[in-house]
Amino acid sequence: MTLGITPSQTVGPFLAIGLPWPDGPFVVPPGTPGVMVISGQVLDGNGTPVPDALVETWQADPDSRFDHPDDPRGAAAPAVAGFRAFGRSATDPDGNYQISTLRPGALPCQDGRIEAPHLDVSVFARGLLDRVVTRIYFPADEANAADPVLAAIEDPDRRATLIAVAHPERPESEFRFDIRLQGDRETVFFDV
Amino acid sequence: MTAGNTWPASGDLVLPHYPAVAGAHPPLDSPAYKSSVLRAPKQPLVPLPQRLTEITGPLLGAERVTAADADLTAGHPGEPLGERIIVTGRVLDSDGRPVPDTLIEVWQANASGRYAHGVDDHPAPLDPNFDGAGRCLTDSLGRYRFVTIKPGAYPWRNHHNAWRPAHIHFSLFGRAFTQRLITQMYFPADPLFPLDPIFNSIPDRDARTRLIAAFDIEQTEPHWALGYSWDVVLRGRSATVFETEEGE
Numbered sequence: 039m040t041l042g043i044t045p046s047q048t049v050g051p052f053l054a055i056g057l058p059w060p061d062g063p064f065v066v067p068p069g070t071p072g073v074m075v076i077s078g079q080v081l082d083g084n085g086t087p088v089p090d091a092l093v094e095t096w097q098a099d100p101d102s103r104f105d106h107p108d109d110p111r112g113a114a115a116p117a118v119a120g121f122r123a124f125g126r127s128a129t130d131p132d133g134n135y136q137i138s139t140l141r142p143g144a145l146p147c148q149d150g151r152i153e154a155p156h157l158d159v160s161v162f163a164r165g166l167l168d169r170v171v172t173r174i175y176f177p178a179d180e181a182n183a184a185d186p187v188l189a190a191i192e193d194p195d196r197r198a199t200l201i202a203v204a205h206p207e208r209p210e211s212e213f214r215f216d217i218r219l220q221g222d223r224e225t226v227f228f229d230v
Numbered sequence: 056m057t058a059g060n061t062w063p064a065s066g067d068l069v070l071p072h073y074p075a076v077a078g079a080h081p082p083l084d085s086p087a088y089k090s091s092v093l094r095a096p097k098q099p100l101v102p103l104p105q106r107l108t109e110i111t112g113p114l115l116g117a118e119r120v121t122a123a124d125a126d127l128t129a130g131h132p133g134e135p136l137g138e139r140i141i142v143t144g145r146v147l148d149s150d151g152r153p154v155p156d157t158l159i160e161v162w163q164a165n166a167s168g169r170y171a172h173g174v175d176d177h178p179a180p181l182d183p184n185f186d187g188a189g190r191c192l193t194d195s196l197g198r199y200r201f202v203t204i205k206p207g208a209y210p211w212r213n214h215h216n217a218w219r220p221a222h223i224h225f226s227l228f229g230r231a232f233t234q235r236l237i238t239q240m241y242f243p244a245d246p247l248f249p250l251d252p253i254f255n256s257i258p259d260r261d262a263r264t265r266l267i268a269a270f271d272i273e274q275t276e277p278h279w280a281l282g283y284s285w286d287v288v289l290r291g292r293s294a295t296v297f298e299t300e301e302g303e
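Sequence lines, in order, name chains D and L.
As numbered in my numbering, residues 39 to 230 make up the first sequence, in order.
As numbered in my numbering, residues 56 to 303 make up the second sequence, in order.
For reference, chain L alone in the conformation it holds in the complex:
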């Protein structure tokens, strides 16, 4: 057995815990979303106590991103078509603490509602100046900022005349396996909200609303781009003290 295989012998040990929030996430079994029918597990989930593997996680650093990665409108010979926007906000935990230096990855459709992906057969134009992928690290205060194009709504085959509200996919790590989150950011006042089974898979109305960015005149840059603000809140962290036998 290696030295790493033993629990520290003395002193009070503090192991963070990331309490789950009941009902915060959509149920896996959401039959209105047709793709879930054959993919959502049917067996009840088994409780997994949070131990070392769960309270740690990848702290992916600056080596994975360049400053240019946060500008989805750059990197091509020309400017992409569409409405240029700034999407910015903070990554926090549920106790309001910023999550600094954490990797955010985004991907999205172009302004016409078409993804630069071979499987997307929506008959809307591809944009040779837009790939739709970006990434950045939050700063020391948990802030992030992307420059991109407002994505278009697009049709899908879930039901008759189904259209997805415009959205940007966001992937976040936080600092622990328990905090990993992939979600979608939506835009204010989208008329497709009441019709979308993915958005409405979240049972709680207030929770759904947390996926909608706010138009933000403060982040809007004159004669250049509209600004949207959107904060992401990851599961919070409570420290639990375990006393060792020697400490008793």
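Just chain D, same shape as in the assembly:
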């Protein structure tokens, strides 16, 4: 049996009624050792902040595992208490989102390659009839060079849109990742 899938529609301007959770931005509870903050702005084609977007993140735990039965390595309870693997942040009036999480581990591929630490990201907003999907990678991670997803993007400027920027004084615990929906430095978005 094959059923037609239900099409996507935009979240519209009022997603704040139904989607934000008080604990959404906290992938781990505040105060968890090793916590880091990823924040940034969602920007439109004019560089104007998008105040009515929702950013969601999904990632492996620091030991490279998922608490999910479809992982062929088996579901693994979170290595750190309270780790949810999923983050959700609505943007504020200045288009800012923020997620507190732990750095994910690298992931094995069937062909023996290794995916560098990354978060999968969904962005929803008024004006987007379907979500757009991107990835956050970390700067100065030696695994990035061999990452098959980054390697498939030939233009280094485009590839760079997927790498977060470390805070100059707190390079292990604060990262900036802006999401440009359009424009000269449009973020790479994926067809998944």
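It is possible that part of the hints are untrue.
What the simulated footprint calls covered on chain L by chain D, stretch by stretch (three residues with Cβ under 8 Å from a Cβ of chain D suffice, anywhere in the stretch; the number is not a length) [as the list claims (entries may be wrong)]: (1) 97–105; (2) 226–234; (3) 276–282.
One side only, chain L facing chain D, incomplete, derived with CB under 8 Å [said to hold, decoys possible]: (4) I110; (5) R139; (6) S167; (7) S293.
Note that these hints are calculated values from the structure, not bench results.
Even glycine gets a Cβ: it sits at the ideal position worked out from N, Cα and C.
Since the structure of chain D is already known, use the hints to place chain L on it.
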């Protein structure tokens, strides 16, 4: 490198795959919908092979919902105004398999077509007994059920005399990142359908029709509420077997 960083060494490995369905979703670039003009990406999307991060996803459980969350008419001193309705159905994948225990979140305008949101300046009354947000988990057969008020149509600024057909926003997770879906459920025979650029952004007529609930006398409760049925179909899942070198 941690132990989690290596692929299992032996045995046939089954990694689910969620094939995309071409043309099922509206194109991001849909200029009739004005808000898309500065927000839809212009660069072609880059193919992302489905690996571990994509075939897993948040399995958000019962801790996020209470039974009262599925009744949008409850939780206030009085009853909201409007036509009380039941919206129910199943969440399935495209192979017809139910998606159990998955979180559904909904939000909507009130009976007057006004959202309980500071940005909504439509001069229609707010309802002190209606916030317009609800959530529930599907049961073991993928079923869900909300009690709410039929939302009103409302004007917007997309074009001259633009009105949105009445709708309820639905957010669904499924069991994998690839299945995440946010959409809108519409009501039968809405005269605004031919005029709405969001509804009509879906190129395929049959696909558009899948967003329209059916009036359902079986779900209608006598002397209490009209029933509407609406199933949601998420991307289906095919298992692909990869043989390891040791298995050859």
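Against the structure, the hints come out as follows:
no.	hint	in the structure
1	97–105	holds (count 8)
2	226–234	holds (count 5)
3	276–282	violated (count 0)
4	I110	5 Å, holds
5	R139	19 Å, violated
6	S167	15 Å, violated
7	S293	11 Å, violated
In summary, the numbered hints that this structure violates are 3, 5, 6 and 7.
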